[in-house]
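Protein chains: 6
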Amino acid sequence: MNNLSIFIIFCVLASLSHAIELDFCVGDPSLPRGPQGYACKDPDKVTTDDFVFTGFRGEKTPNNVFGNNVTSVFSDKFPAFNGLGISMARLDFGVGGVIPIHSHRTSEVLILVKGSIIAGFIDTNNTAYYKILEVGDVMVFPQAMLHFQINVGKTPATAFVSLNGANPAIQLTPTTLFAGNLPADIAQKITLLSHKEVIRMKRIFGTA
Amino acid sequence: MNNLSIFIIFCVLASLSHAIELDFCVGDPSLPRGPQGYACKDPDKVTTDDFVFTGFRGEKTPNNVFGNNVTSVFSDKFPAFNGLGISMARLDFGVGGVIPIHSHRTSEVLILVKGSIIAGFIDTNNTAYYKILEVGDVMVFPQAMLHFQINVGKTPATAFVSLNGANPAIQLTPTTLFAGNLPADIAQKITLLSHKEVIRMKRIFGTA
Amino acid sequence: MNNLSIFIIFCVLASLSHAIELDFCVGDPSLPRGPQGYACKDPDKVTTDDFVFTGFRGEKTPNNVFGNNVTSVFSDKFPAFNGLGISMARLDFGVGGVIPIHSHRTSEVLILVKGSIIAGFIDTNNTAYYKILEVGDVMVFPQAMLHFQINVGKTPATAFVSLNGANPAIQLTPTTLFAGNLPADIAQKITLLSHKEVIRMKRIFGTA
Amino acid sequence: MNNLSIFIIFCVLASLSHAIELDFCVGDPSLPRGPQGYACKDPDKVTTDDFVFTGFRGEKTPNNVFGNNVTSVFSDKFPAFNGLGISMARLDFGVGGVIPIHSHRTSEVLILVKGSIIAGFIDTNNTAYYKILEVGDVMVFPQAMLHFQINVGKTPATAFVSLNGANPAIQLTPTTLFAGNLPADIAQKITLLSHKEVIRMKRIFGTA
Amino acid sequence: MNNLSIFIIFCVLASLSHAIELDFCVGDPSLPRGPQGYACKDPDKVTTDDFVFTGFRGEKTPNNVFGNNVTSVFSDKFPAFNGLGISMARLDFGVGGVIPIHSHRTSEVLILVKGSIIAGFIDTNNTAYYKILEVGDVMVFPQAMLHFQINVGKTPATAFVSLNGANPAIQLTPTTLFAGNLPADIAQKITLLSHKEVIRMKRIFGTA
Amino acid sequence: MNNLSIFIIFCVLASLSHAIELDFCVGDPSLPRGPQGYACKDPDKVTTDDFVFTGFRGEKTPNNVFGNNVTSVFSDKFPAFNGLGISMARLDFGVGGVIPIHSHRTSEVLILVKGSIIAGFIDTNNTAYYKILEVGDVMVFPQAMLHFQINVGKTPATAFVSLNGANPAIQLTPTTLFAGNLPADIAQKITLLSHKEVIRMKRIFGTA
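Protein chains in written order, with the UniProt record's numbering: chain Z, 1 to 208; chain B, 1 to 208; chain V, 1 to 208; chain Y, 1 to 208; chain P, 1 to 208; chain G, 1 to 208.
Keep in mind that the hints were calculated from the coordinates and are not lab data. Small disclaimer: the values here were computed from a predicted structure and weren't measured. Misleading hints may appear alongside valid ones.
All copies of an identical chain are treated as equivalent in the list; a pair is satisfied when it fits inside any one copy or across any two copies.
[What the hints assert, rightly or not] List of simulated lysine-lysine pairs, DSS-like, C-alpha gap at most 30 angstroms:
| hint | residue 1 | residue 2 |
| --- | --- | --- |
| 1 | Lys60 | Lys154 |
| 2 | Lys45 | Lys202 |
| 3 | Lys154 | Lys196 |
| 4 | Lys131 | Lys45 |
| 5 | Lys131 | Lys114 |
| 6 | Lys131 | Lys196 |
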């Protein structure tokens with residue numbers, strides 16, 4: 001039996017050693033994932049660093065057509081969230097930047113720490129609830145409702161959001177419709193948008 | 001004490017009489033509603049008819065700009081669903097009719113019983129999954145994912161859907177953006193659509 | 001290192017590659033199963049066909065002593081249901097056919113698409129709620145309550161049911177008691193049925 | 001305004017005063033009940049006695065045809081369980097007494113404190129799992145599975161069970177089928193039992 | 001019938017008018033509360049302001065013996081959180097200030113926006129995980145685990161936390177043991193602390 | 001290919017064979033564990049013995065500084081609890097023995113079967129609810145609330161508790177603070193206890 005086989009044996013046995021406690025289940029992306037999240041990293045190898053995320057430090061500048069920079073911290077980037085039903089994101093807005101209309105499986109709470117934004121959501125009666133927030137203000141976006149944020153100040157803006165799911169699956173409406181493989185004719189029929197506009201949108205995302 | 005007062009007393013006492021069993025909680029819309037649904041109708045007044053919905057009988061013809069007729073049966077129309085975490089809808093499509101792009105809090109399963117439709121959904125990687133279904137085919141739409149159906153046959157089509165929530169809160173993207181009180185300039189910014197197209201869409205729904 | 005070892009390495013590495021997104025978790029029955037369902041199939045290998053079930057097409061004729069033909073579509077047959085908390089079944093009844101008294105962990109909603117049946121359930125006060133349904137009628141059976149359906153028409157009947165669980169675990173009372181390894185004397189004591197009747201029932205299922 | 005009106009005002013205002021904390025929600029059966037349980041008793045009126053149940057003290061002798069005496073402590077009898085998702089029952093068996101085949105929405109754990117019983121359940125493959133328990137033994141009955149207990153000792157037996165639901169809705173199969181308003185002909189069809197046996201069973205419960 | 005009676009009728013009818021949609025359930029503390037939260041405010045009276053909390057604006061200085069100032073925003077203070085399973089708090093620390101050891105029903109995520117703190121939790125194996133955080137760092141505290149924060153910088157510090165429950169029930173260990181009605185002799189026995197120390201602690205909280 | 005490789009192949013294939021039914025999910029600690037529990041043991045190898053725990057038989061004498069002996073039966077010791085959301089413990093108290101102040105993620109119900117104890121809990125308003133229980137009495141401890149039990153009789157005492165979680169993660173406050181790796185200076189700051197007392201407590205647990 002050669003070394004590679006031994007390595008495999010070691011890996012299999014190591015990865016399958018069971019957790020004695022389940023106070024937490026830091027995700028191990030190398031193990032099979034189930035509908036409720038990743039399998040747990042061996043608790044004997046978990047350290048404090050597993051529970052601390054440092055990727056929000058420093059400045060973040062807009063990096064896309066929407067004029068925003070979203071740093072999502074879900075269970076795939078921060079495995080400590082696995083199984084705990086909570087996650088975060090940092091939203092940075094350039095002047096005039098927006099987080100376009102989007103939804104996700106979970107509810108979200110936002111706190112504005114810099115600048116001035118309009119934040120809002122629309123309910124299933126098509127009623128929009130939106131307002132200019134100032135620094136320190138908190139807004140909640142109920143589960144699955146379409147919502148958005150717009151920087152309406154003269155400076156960049158920054159907000160933190162928390163979501164009550166470890167992997168909330170953010171779905172941006174514009175990219176969903178126009179940035180992937182959905183054919184233009186289907187996009188047109190299911191939105192009532194004009195053919196010309198659908199093509200214009202797909203060009204923005206490089207899919208026309 | 002006059003008759004109205006007596007009536008109130010009667011109402012209050014009647015409505016507050018407690019349920020002995022909770023095998024079911026047929027909703028009573030006259031009582032306060034909580035985050036998990038309506039308060040329960042007095043079980044002594046519940047009959048078999050509370051558990052049977054007959055509103056799907058007969059033909060349904062398209063009644064809107066999308067060329068569809070959706071008969072939703074959620075807990076507000078069929079209080080037996082209250083607290084049970086399940087609901088239904090009947091979807092009727094005229095020739096060329098569509099159910100526009102939409103989402104909801106729950107998962108959905110569809111069975112086609114007449115005609116031929118394209119059904120599909122798009123995931124958060126912007127990958128669209130869509131296919132022509134024939135009579136008897138079943139398709140599942142995962143929780144919160146944007147999805148759609150299009151009648152691609154030469155005849156009307158009919159499908160039944162079931163959702164694992166008593167009140168799944170269907171949110172149609174086009175009406176959310178253009179049929180309510182969301183201002184045109186906000187709609188434009190959060191979608192990247194052109195001003196002209198936003199106005200065209202709002203005209204379709206009579207809100208421009 | 002021989003070919004079989006290489007095959008194992010490949011299998012292990014392949015099966016353990018992690019999912020980046022969790023919009024859905026199409027079950028992979030070759031991986032370990034947890035209390036909440038199967039581990040997820042590699043999302044890169046998921047196609048539209050994973051979300052479409054075609055096994056309800058065509059005619060279904062009775063195939064058992066109850067005069068029914070039940071085509072259950074749970075997560076083991078249709079892995080797309082895995083983790084989504086929903087499933088379906090098609091019920092076909094011969095003339096006089098029945099779905100015997102049974103229960104399951106979840107609630108169920110039924111829609112009759114052909115024929116005429118009596119459907120009903122009994123609550124924990126021993127009150128039976130039952131009614132003749134006609135085509136298009138919907139009935140809901142609350143979670144865990146014993147229920148049944150009987151074809152009372154002169155033709156075959158067909159219904160579709162949806163359940164709010166991916167694997168609802170249907171338990172038919174007659175087969176539970178008489179078609180398995182439960183000894184006749186225990187079956188007799190825990191039902192108060194006569195010894196003679198227990199033996200007659202076990203003969204129907206070939207276990208006497 | 002007379003005294004009765006004043007009384008009503010007092011009652012309405014009193015009952016609607018809100019809870020500041022929700023560490024617990026001792027049920028108030030005089031208020032409307034929702035799908036998740038009773039509304040909460042005013043926490044200012046809650047005392048230690050609300051959390052202590054003394055009804056299990058003393059001897060319990062068989063009081064029915066099954067030779068058992070079941071003291072269920074669900075949220076209707078012990079409102080402190082309301083909203084906490086847990087409940088209990090004390091099972092007393094005469095010599096030869098049984099808890100007949102039954103099921104409920106929740107899982108159950110049993111501990112035998114006196115005597116000797118056979119306890120068992122049957123899964124959805126019709127496989128029965130049963131065993132003689134002695135004092136101190138614990139058995140778990142998985143959610144919704146049909147299960148039973150039989151005193152096989154020469155003395156009375158006592159067990160305590162705990163269920164992970166505040167109101168688990170116990171459904172005894174024999175009484176469900178024969179002790180209520182389900183007509184004999186329906187009971188016969190949905191069980192395959194003989195007409196004669198159905199009538200015999202209904203006579204035991206006084207419904208023939 | 002006098003005016004007060006009319007007022008009551010009005011109140012009862014008004015408060016019992018039912019919600020047509022349940023996209024959200026802004027809590028109405030004047031209605032009965034259930035185990036899952038408050039009953040819903042009439043959605044016709046809900047405005048954007050219901051979803052925005054402004055109480056985090058400005059400076060907060062320490063106001064207690066621990067040298068901290070905690071501004072909790074749970075569903076009782078911000079009824080929009082009702083039923084959505086999410087909440088927030090702002091933590092301000094004076095120099096040397098601490099949030100003493102505490103726990104709650106939910107998980108918590110913290111982001112430090114000013115100063116430098118040690119944050120940590122202890123698992124059920126008595127292993128402590130703690131670390132100095134700098135501005136922008138995020139730490140997660142798993143559900144129900146005892147945890148704490150200490151300002152270790154030379155300036156005041158501020159953090160925001162989000163919890164995945166609308167009313168997470170924060171329980172500070174020192175006040176639980178020494179600031180309420182728990183008798184000193186019981187506190188002593190269940191902690192193994194000395195009598196003298198228990199009395200010293202109760203004096204800090206004015207209960208000795 | 002040598003024997004060890006064959007053994008690995010056998011193990012991998014065996015462990016990955018999928019469950020056809022999921023009436024239960026007896027945990028297999030040799031497979032990866034997820035946030036919702038262990039993966040399921042092959043159901044073909046499950047026998048009645050998997051569902052019966054016999055470790056509560058006989059006498060249990062105090063084995064620690066608290067004068068108690070706690071026999072916890074969680075999913076790691078009794079894998080049948082895996083996925084079922086229920087567990088148990090047996091509490092034995094010497095004369096004067098205590099279960100010190102502790103909390104866990106789930107609710108708990110206790111039944112006293114021998115002796116006389118004071119049982120109590122404290123809510124988040126620092127209100128203690130405590131009472132002397134006699135044999136047969138039941139007390140419920142709401143989810144996550146700190147609670148305790150003290151033998152106040154002249155003889156040993158025994159109680160059984162059931163918790164609505166398969167692995168409820170019991171966290172004893174004294175050992176959390178003083179029996180692990182939490183430094184004395186941190187323990188002092190987050191409790192307000194004196195340095196001297198912290199050291200005294202750490203000495204009791206051998207960590208000073």
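So, going through the hints one by one against the coordinates:
no. : hint            : verdict
1   : Lys60 / Lys154  : both (17 angstroms within a copy, 27 angstroms between copies)
2   : Lys45 / Lys202  : between (46 angstroms within a copy, 26 angstroms between copies)
3   : Lys154 / Lys196 : between (33 angstroms within a copy, 26 angstroms between copies)
4   : Lys131 / Lys45  : between (46 angstroms within a copy, 17 angstroms between copies)
5   : Lys131 / Lys114 : both (16 angstroms within a copy, 27 angstroms between copies)
6   : Lys131 / Lys196 : between (33 angstroms within a copy, 25 angstroms between copies)
Checked against the numbered hints given earlier, this structure breaks none of them.
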